[in-house]
Amino acid sequence: MKIRTTKYIIKEGIINSYRNKLMSLASIIIVTASLLVFGIFLIISVNFQHKINDMMVNQLQIEVYCDASLDETQVKDIEAQIKMNGFVSNVRRVTKEEALQRCKELLEEDGSILEGYDGSFLPESFIVKINDSNNIKKVVEECKGIKGVESVGFLEDNVNQLSSISYWAKIISILLLIILLSVSVFIISNTIKLTVFARRREIGIMKYIGATDWFIRLPFIVEGIIIGIVGAIISFIVTYYCYSTIESQLSKGVLGESLDFVSINSIVLYIIGSYSIIGTVVGGIGSGISIRKYLRV
Amino acid sequence: MISFENVTKIYQNGTLALTNINLKINKGDFAFIIGQSGSGKSTMIKLILREEEATEGIISVNGFNVTTLGRKEIPYYRRGVGVVFQDFRLLPGKTVYENVAFAMQIVEALPKEIRRRVPMVLGLVGLSNKAKVYPNQLSGGEQQRVALARALVNNPALLVADEPTGNLDPETSWDIMKLLAEVNQMGTTVVVATHEKNIVDTMKKRVIALSKGELIRDQEKGQYEDEDTNHQIYN
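Read top to bottom, the protein sequences are chains A and B. For the first sequence, the working numbering gives the first residue as 7, with consecutive numbering after it. For the second sequence, the working numbering gives the first residue as 966, with consecutive numbering after it.
No wet-lab data here; the hints were simulated from the structure. Treat the hints with care, as some may be off.
[What the hints assert, rightly or not] Capping the alpha-carbon separation at 27 Å, the derived lysine-lysine pairs in DSSO-like fashion look like this:
| hint | chain 1 | residue 1 | chain 2 | residue 2 |
| --- | --- | --- | --- | --- |
| 1 | B | K1077 | A | K17 |
| 2 | A | K27 | B | K1097 |
| 3 | A | K8 | B | K1011 |
| 4 | A | K110 | A | K144 |
| 5 | A | K13 | B | K1097 |
| 6 | A | K27 | B | K1095 |
| 7 | B | K1011 | A | K17 |
| 8 | A | K13 | B | K1011 |
| 9 | A | K82 | B | K1095 |
| 10 | A | K144 | B | K1011 |
| 11 | B | K1097 | A | K299 |
| 12 | B | K1059 | A | K8 |
| 13 | A | K199 | B | K1097 |
| 14 | B | K1143 | A | K17 |
| 15 | B | K1077 | A | K8 |
| 16 | A | K143 | A | K89 |
| 17 | B | K1059 | A | K299 |
| 18 | B | K1077 | A | K199 |
| 19 | B | K1095 | A | K8 |
| 20 | B | K1011 | A | K110 |
| 21 | A | K299 | B | K1037 |
| 22 | B | K1011 | A | K27 |
Computed from a prediction, not measured in an experiment: that's the story for all the values here.
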């Protein structure tokens, strides 16, 4: 096919989208609605995962206790060795004063027995944050192996439970996303089928005059892509505006801190990407496939 | 130009549409295919256009063995056959000019050739002043003339018309038939399927008569009705 013919065909696709405006508009509305439903669920899923990860991060920490007889240099050496571990994201030294305060809190009403003590009898310790729940046990073992470390404490049951929740949450999210994606694809491709059906006579006429299948098919594919892109753009604008508004309104309120929304800018690429891909691919491929039936003249 | 050798067509539902047809239409001929409804006229046209495949026999058109054409070859074959239908079959979203130009776009003609030839063909059918008009703004006769212009723009060797005057009044019908006769004078082979008795009798061209799928008459300068074959049809 010559370049000028390809240009002609693409131009035809664009012109046809405009000429059949009512059908194009109906298709765009349906594509937009389908993408919005998918997008809403995607955002809920991302926020849910974010919340779970936040909870995980707080639990993904261990406390490394040093031998009480160590001097400052030896304690700093232990801190340096812990920091060298690739799965450690943060190391915070717990001062003796802080440790004493924690003991008092733990003892509650009996905390008064510690009055007059300065905490020097307490061992040095480090709060170590781990960046990967799968390696927490490995980090614990490695820290225990450092010379001068007395013991390592972590809430194993909590970590296991949260890991399991996180895993199943991911699986369910993915399954639901796949289902919603399939529904969106089904709705969009049926909409495209209707637009092709409405113009089946035109397709037959072009076949009688001697147009090849691709000469007929390409403008429809271009139309499908245009419908997909326009639907994706509208869906994105609506999603961005609504999410930003909800995020800013709810963040100010009483629930603000506990809700902790994922910022729109950090997920904007996922949204644009998924809308564009679903819209254009389904729009384009849907048109190409729908027209096949009417090319058999 | 067109050759049917022992051609039989049986549709999937068992209808026997054509039985053992043998005929030749030469280059430059003008032939009417006549017969009552159900005689096989439309089937013959569909076989020529390769809209249907023959059950048996060989059909050759313009150097192509139509019976063995692959699916991908059909569009290239059809570009050499101009076709006019009873219901005009114009593209509703395109102007008169664009409808005719479309046939040239399909064969990837040069833009300057399209700009030269489309107005010329529109002039031939008397529609030069209607180039920017849409089909729904034209009368039936005008629409048929656009269809004819589209059929002629690529200078086909063969023009097939399936009941071209079926939706037209008598006066307009004659205008179309005169145009077809002029096209034939210029060297194009013309085949017209029709049941318009007046037209067939007046034009005195070759008549190929079908009845119940059989070829019952093939007459140069024939008439629509013939005593002998009427006897065959009605008995």
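Hints numbered earlier in the text: which of these fail when held up against the supplied structure? 3, 4, 7, 8, 9, 10, 11, 13, 14, 18, 19, 20, 22
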